[in-house]
Amino acid sequence: MSAYIVKRFLLMILTLVGMSIIIFVLLRLMPGNIVDIMFDSAGFVDPAEKANIERELGLDQPIPVQYFEWIHGLIVWDLGFSYVSEMPVADEIQPRIPITAKLAALSLFFAILFGLPLGVISAVRQNSGMDYTLRCISLSGLSLPSFWLALLILMAFVQYTGSIPIYINPPDNLWDELLLYSIPAAAVGFRSSALIMRLTRSSMLEVMRQDYIRTARSKGASDNAVNYRHALKNAVLPVTTIIGIEAAFLIGGLIITETVFNIPGVAHFLVEAILMRDYPIVQNLVMLIALVTVLINFLVDMLYAVLDPRIKYAD
Amino acid sequence: MGYPLSAAAFGLGVAMLAGYAGTALAQKDGGVLKLYHRGTPPSGSIHEEATNSTVSPYMGVFNNLVMYRQDEAKNSLETIVPDLAESWSWNSDGTQLTFKLHQGVQWHDDKPFTATDVKCTWDLVLGKSKAKLRKNPRKSWYKNLKEVTTNGDHEVTFHLKRRQPAFIALLASGYSPVYPCHVPPKTMRTAPIGTGPFKFVSLKQNEHVKFTKNENYWKEGKPHLDGHEWTIIKSRSTRVLAFIAGEFDMTFTTDVTIPLLKDVRSQAPNAVCDLVTTNVSTNLIVNQDTPPFDNSDIRRAMVLSIDRQAFIDILGHGETLQGGAMMPPPSGVWGMPPEILQQVAGYNPDVEANRAEARKIMEGLGYGPENRLAVKISTRNISIYRDPAVILIDHLKHIYIDGELDTVETSNWHPKVARKDYMIGLNLTGVGVDDPDANFYENYSCGSQRNYTGYCKEEMEALFKEQSMMTDQEERKKLVWEIDKRLQEDAARPMIFHNKAAHCYQPYVKGFVTHVNSVYNNWRLEDVWLDR
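Note that the protein sequences, when read in sequence, are chains A and B. The opening residue of the first sequence carries number 1 in this note's numbering; numbering runs sequentially from there. The opening residue of the second sequence carries number 1 in this note's numbering; numbering runs sequentially from there.
Don't take each hint at face value.
For lysine-lysine, the following DSSO-like pairs were computed, each having C-alpha atoms within a straight-line distance of at most 30 Å [to be verified]:
{"no.": "1", "chain 1": "B", "residue 1": "K420", "chain 2": "B", "residue 2": "K478"}
{"no.": "2", "chain 1": "A", "residue 1": "K233", "chain 2": "A", "residue 2": "K7"}
{"no.": "3", "chain 1": "B", "residue 1": "K143", "chain 2": "B", "residue 2": "K132"}
{"no.": "4", "chain 1": "B", "residue 1": "K510", "chain 2": "B", "residue 2": "K210"}
{"no.": "5", "chain 1": "B", "residue 1": "K210", "chain 2": "A", "residue 2": "K102"}
{"no.": "6", "chain 1": "B", "residue 1": "K146", "chain 2": "B", "residue 2": "K132"}
{"no.": "7", "chain 1": "A", "residue 1": "K102", "chain 2": "B", "residue 2": "K111"}
{"no.": "8", "chain 1": "B", "residue 1": "K234", "chain 2": "B", "residue 2": "K219"}
{"no.": "9", "chain 1": "A", "residue 1": "K102", "chain 2": "B", "residue 2": "K234"}
Hints are computed from structural coordinates only; laboratory data are not their basis.
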């Protein structure tokens, strides 16, 4: 087991190095750079002034030099300065991370809270009215674009309450914060919960046809014991994988939701930084996301062994 | 009374009138004006930007030497009032403009404001100082400025190469603040310091820009607000809904489009919404250096194919306006009146007759139903650019031109235009000051950085200069119309329409007047107060 963990850890490092090269090269392959954007707001491009700014920002250096400077900065925790705000990257990114993390955690919480039990209910009551209703709801969750759902929610709030649940000022306390993030988290979590629900249902149905479930029933085990102790425990394995993947993909849904609900998190900030070709922000932020994703995958792999004792990571 | 003296006297007269108007109302002090912003301002340095994303929030940080009256909707030479200058006067040949400056004015960091700061500012703009601006979008405005000299701490003179009575109009723009000598350009971009009614507090990307009252403001009794705060909201739907829900006192400058205005009016019936011309035109840039548009006949045919009213009906719900390079009346001071505009090639309301003439030109050049000309219409991938480009493609079909839409990401737009890597570009042009000197020299003059097509004609340069030197503004107007007509017929930058948009605020916001011929000049906010 320990050898496996070391192997996985080394693979993680290798993945991150590969990611850093891909991020760096892809950013430079994108047409236009920050200087072009800067001149956009001035309404013209002056080649001499452009060259001056590129020199000032180090963009005139060869790409490998720029890459190694960045990696060196990462190692010594000097992330550089944002091209746009001219502020340290760490200062720009750090306050936004908890916001997105809270929103993502809350979204995932909603997704699991609704997705998992409803999936079980849907499977246990297969082909009942309840099953059809839940399947319709889950289908709508998968079909509705999250930005559209988010806008509908905002419009409904303005229409019926005269207020709008968006981020204008930082919340004063935990309760306000929970209230503020609940609606966007529900909007994002709706899609994930639909996915989890459908997967739980199909996984449960598959497991419930297994011999050991029949055996459990024939031994006189109660429905709850069969469904939750025997079936769900085994059915939850593929669902765990999906939850892990969803956690990583959540950032995509959060970009739209943070924009619509005006939440100053990293997801929306990342998109803005890409549009502005703010390389220091994008590079460091994408690396951070890559790190989180790789870590989540690692944790999910470890969780397999806990959930399913048949899985052994042989030394 | 000679010209220079009359100008100074007029300026003082208007100033007194403005002062009287200011004290006649019983303003309430206090409160923070809450507005939304459409995106993070590119910087806080007004001299380095050409966007109201910067001017609107930051204009209150600064003062100009002179400014347009904030309570007069239509900017003109007659609405210019003193700001940091107490008075101004011209020398006898109109080449020296001298300002007497207010005494006792301090920068936000408590350093004294002197004439040297004024000199420093325009040395910076002219590129004469050691410190350099990163970008200098309005260099062309000051083509005629030779130097700025000081006489003691409270007098400054602008020396012009030739007479230019409208030079003062440029100085009155929100784009012409006075910068402190002792603050480097980098600081001015991130944490600007001015003499204005509001001090910069903070800018947080994608979150907010905040300003607080300058307690030591040199204009007594002003400002009335404790500050103004701009929440940055990228999604237009969200920010307009937030305004409707009463979260904001005011929208961003002309942010409410004509279709959205209907929603705002129905859902927030108490809100005050001014639908105004923005002095932003939708136009074409034509690459005249390479075939086929190096041929003036094809350019003329293209201009004749445009049905401007169709653009106005489809995109502007019938509200936007036809015009030439200068913004059309009644909001614009210098635009051609309808009866003259209709005489310009392509502006005849009989579109079918125009197109028949265009087809004849094209057939003469060998094009026809069987031999159509394929062109690319390049534009930014933003709806306000893309939508008119699609309509243009439809119009060009009528004269054997098949257009293909080439959408360009914003970051690549100006580099592409600078490389002249386009055939026809659909473009939007905002003009900071409704005066021919600003517009012609910025967009049509030889060597100007914002003259995208590189249109450059000696005889037109001579006409630009002639109008610029004229003191009789009525006579000047006639010459400006003639120049505008020629610019349109030359397809220098064919105009499609002049945009309109709405600016909305809650009924308790007082002392704010939406300007009708510029979106850049009315953001000092020192007269604004909240009646709550």
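Do the hints match the structure? See the list:
For the given pair, B:K420 sits about 33 Å from B:K478 by alpha-carbon distance, which is inconsistent with the 30 Å threshold. This hinted pair checks out: A:K233 and A:K7 have alpha carbons roughly 28 Å apart, not beyond 30 Å. At most 30 Å may separate the alpha-carbon atoms for a hinted pair to count; B:K143 and B:K132 meet this at roughly 18 Å. Note on B:K510 and B:K210: the hinted pairing holds, with a Cα-Cα distance of about 20 Å set against a maximum of 30 Å.
Between B:K210 and A:K102 the alpha-carbon distance is near 26 Å, which keeps this suggested pair within the 30 Å criterion. Taking the CA atoms of B:K146 and B:K132, the gap is about 18 Å. The hint holds against a cut of 30 Å. With a C-alpha separation of about 45 Å, the suggested pair A:K102 and B:K111 falls outside the 30 Å cut-off, and the hint is violated. Straight-line distance between C-alpha atoms of B:K234 and B:K219 comes to about 35 Å, which puts the hinted pair past the 30 Å bound.
At most 30 Å may separate the alpha-carbon atoms for a hinted pair to count; A:K102 and B:K234 meet this at roughly 21 Å.
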